[in-house]
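Novice: Now for the letters of each chain:
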Amino acid sequence: MRLQKPAIIGIGRTKFGEHYEKDPETLIEEAGLQALDSAGITRKDLDACYLSDYFLQVTNKIGLEEGFFSELLELHVPMEKTRSFSSAFLNACHGVQSGKFDFVLVGGMEKMTDRWDKIRDDLMLLEDPWSYYAGCTPEANHELLLKGYIKKFGIYGKQLEKLYLALAKISVKNHQNATKNPNAQYKRSITVDQVLKARNKSCKALGLFDFAPISDGASALILASQEAAKLCSDPPIYVLGSSSATDYITFPSREDRTGFMANTLAMQAALKQAKVDIGDIQIAEFYDQSTLLEMISLEDLGFSNKGKAWLDIDKFCEESYCFYEIGGRKLFVNLNGGLKADGNPLGATGGAQIFEVVKQLKGEAESRQVEINGDLPKLGCVSELEGFGTKAYIHILGRNQG
Amino acid sequence: MSSEPIERRVSYIGDRLRGSQCIICGKEYFRGKNYCGKCGRKSFGKMKDIDFFYGQGNLEVSTLVNQPTNRFIKMGSYIYGIVSFNEGKTRVPGRLTDVIIKDGETDISCFEGKNVIPRFRRRYAVGESDIIPTISLAFTVADGYYPHQKYEIHNPKKEYETPGIVGYGVYTSKFRIKEGNMERSVPFIDEDAVTAAVEAGKMALIHSGIDTSLIGKVYVGSESNPYAVNPIASKVVQVLKLGKEEKTCGIQEVDAVDTEFACKAATSMFKDASSLVYYPKINTTCAMTIGADNSQAAPRTELGGELDHFVGFGGSAFIFGMQDVIAEVEGWYSCTSDTPDFWRRDLQTYPRHGGRFTGEPAYFKHVLKSCNSLMKQLKLKVEDVDYFVPHQPNIGFPVKVARQLGFKEEQYEPSLKVANFGNVYSGSSPIGLAAVLDVAEPDERVVLASYGSGAGSDAYSFVTTSQIVEKRQRQKFTVYSQTKNENLEYVDYTTYRRLKHGL
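Those sequence lines, one after another, are chains A and B.
For the first sequence, position 282 (counting from the first letter as 1) is numbered 286 according to my numbering, and the numbering increases by one without interruption.
For the second sequence, position 404 (counting from the first letter as 1) is numbered 502 according to my numbering, and the numbering increases by one without interruption.
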């Protein structure tokens, strides 16, 4: 049996940030309608829906999202809910690849500010309970990862300052990118000085400007089989590779605590599936829950060697480029501003990452649009994590069928 | 809202840091596991129980947490990191406890790479009606106030005809408040009477060197049990694995009970413990008696606030038995009367007391009566007694009562620890006894007279044996080491109240 190649034919998202007036259904409705409109289909064309959110049960006391969605669309097709957008997307891909579905809606939403006072405790649900019992916070493991990294690779003195500066520049770059993203939570540029001051204030290596915020938002896309996609007027973006991997939830129990093995494994599998070389990837959306994770992702995904990412992006640091130059190739990362500046409404985040890559590949990213040697980018990848590297998803998207 | 089944499961593993090890490949796991992930099916039935309760780990990496999650907010800032045991065979998350991070303090690098000891503490704050969560994923540095000590079992060498003390331990916290000529022990914010009872019991086990399965009965005397209903003793038993362990159902084959009679709740049970181990028909080899209190006092500005000048924190544990005795119980005398000189009504946070009447018709009458009667009964003269240990509610009363009984300074002075620890309520006179046993020579007589408001007094006479000297080597955390220690940390009154109030 020949597998169908899934294609993204429509995509939509809301602004990320605080949506005090809106409930999660309103947000997903907005993103979903955009996706349907851009695909040029209607809800009645849908064969299935895959939804994602982490915390609606907790934040909004919604326990059976599919039912709400059925009511919203007045549809009775199969619906499944997962945690991350990437998980929903991967499942949708499987549905399309198998030939079971022709048109699938993938939608993610999150309403974190509805439980502002408790959301940091809720976030600990994504880490092992023993770490929580011992006093872990959503930020603490990032610090431990950084400490472990510095220790393992023997970085100190001037070199360490350079690493810290590299991390600060990542935040500056992402905020700069977000100024051109009308949907971003923080559409303002920041300076290295602000990042450093926030670190001083936090009394730690990473400060407020190193971490992604808490956000509300929704995103959606329409996935179609390549056969069905042909019926649409616009050329679609193909899912060339989509994969995931899993690691122990207990961070201290993992073999390597200076990176995420799951991310490496997922990337290898996705590259293999897409039959592309890592050097061919021109744009990427990384899961920068912290600036550190953007740097570590460069290593985990294979763009940089272990312990070397901060050196690889040295030039970017000095010249304040908006891209990384690694091994003579340009790599544009987090063109939408990343989780840091675009926002991080967990269940919708992956959708916004895919949104950006699709827009860039199609040449519809307006002022954010990048060109490589005068051409639109051809290949992009999306990396999404669940928990602190417990689950990793990679999607490789391309303008051509590959 | 806390879940009873979750609390049971978490504390069963977490209080003791239970784990398992594959006997084929040696791989270790924190938490129990029926098979080894590396060896697969062939390791079924080949997993050995291990725990890290008496272990020493290493703080590999750490970070400052100054914006904790909600349940940890009362702890203020703390250090969180990864602790490795057995050269990295097991890694667990951990919080450093007994560290007060000052505002703006950023450099915590001095803790990194240090050896650390797991400590049994409260886990975090919960609602006032919830089950109190505990865990031993709290750690203190091994080169600090509380030394790392292994628990080694020694086979008994000698059987005695009279029951007596076979081991003892004292625990007071690292923090002190110093006012005038008085220092008082202050709990860290995650400590309470339960954690103090466990620590004291742990010290007594280390000192006695007995197999924990030999303990048949546990008494915990306290008047500051954080629960109105729910024993401290059950926690002590589970954490210290006292009595024979019935693994299949997670039960310890031991009797345990809490007792309450103000400051004499523990000493009252010395005779019960002695009698029980002496009773020929039932084979109770050892019985443990703990007195532990986070001594309660209202703030100084409130009714009953006078106590706030004297209260301490800590615990003591004494193991009674017939083998390898270090001090034989020569005799006892107790007296009781209905004299409510100190009380706390149900649902009241702090006790009140009878002001000037706490001395004359209360403390002195009962202590003098029990002591005089015991000495008469045993036909002892003052000069037959090497050490006198009175209950120590303040600096003045014990000296006055000792003098009234005719004891000289050299007889009572070694036991007086109230100026070091404050009034440790149920642990008060037992800590005095421990201080004396720390220094006594063989064949010396120690007379103890406790006092419990309400009121009553227990007087005991102990005679030390030759084994007191050899067992002394097993305990590094002596009363002296807890009074004179370069790692003691002094706090101001506001901090003292905050820490004492706890989570």
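Just so you know, not all the hints are guaranteed correct.
[Claimed, not checked] Residues from chain A that face chain B, not an exhaustive set, calculated with beta carbons under 7 Å:
{"#": "1", "residue": "G67"}
{"#": "2", "residue": "G71"}
{"#": "3", "residue": "R124"}
{"#": "4", "residue": "D125"}
{"#": "5", "residue": "S135"}
{"#": "6", "residue": "Y137"}
{"#": "7", "residue": "A138"}
{"#": "8", "residue": "C140"}
{"#": "9", "residue": "E147"}
{"#": "10", "residue": "L148"}
{"#": "11", "residue": "K151"}
{"#": "12", "residue": "G152"}
{"#": "13", "residue": "K208"}
{"#": "14", "residue": "Y252"}
{"#": "15", "residue": "P256"}
For the record, the hints were derived by calculation from the structure and aren't laboratory data.
Even for Gly, the Cβ is constructed at its ideal location relative to N, Cα and C.
Novice: Now look at each hint and say whether the structure bears it out.
Specialist: Taking the hints in turn, this is what the structure says about them:
no.: 1; hint: G67; in the structure: violated (18 Å)
no.: 2; hint: G71; in the structure: violated (27 Å)
no.: 3; hint: R124; in the structure: holds (6 Å)
no.: 4; hint: D125; in the structure: holds (5 Å)
no.: 5; hint: S135; in the structure: holds (4 Å)
no.: 6; hint: Y137; in the structure: holds (5 Å)
no.: 7; hint: A138; in the structure: holds (4 Å)
no.: 8; hint: C140; in the structure: holds (6 Å)
no.: 9; hint: E147; in the structure: holds (4 Å)
no.: 10; hint: L148; in the structure: holds (5 Å)
no.: 11; hint: K151; in the structure: holds (4 Å)
no.: 12; hint: G152; in the structure: holds (5 Å)
no.: 13; hint: K208; in the structure: holds (6 Å)
no.: 14; hint: Y252; in the structure: violated (10 Å)
no.: 15; hint: P256; in the structure: holds (4 Å)
The structure fails hints 1, 2 and 14 (numbered hints given earlier, in ascending order).
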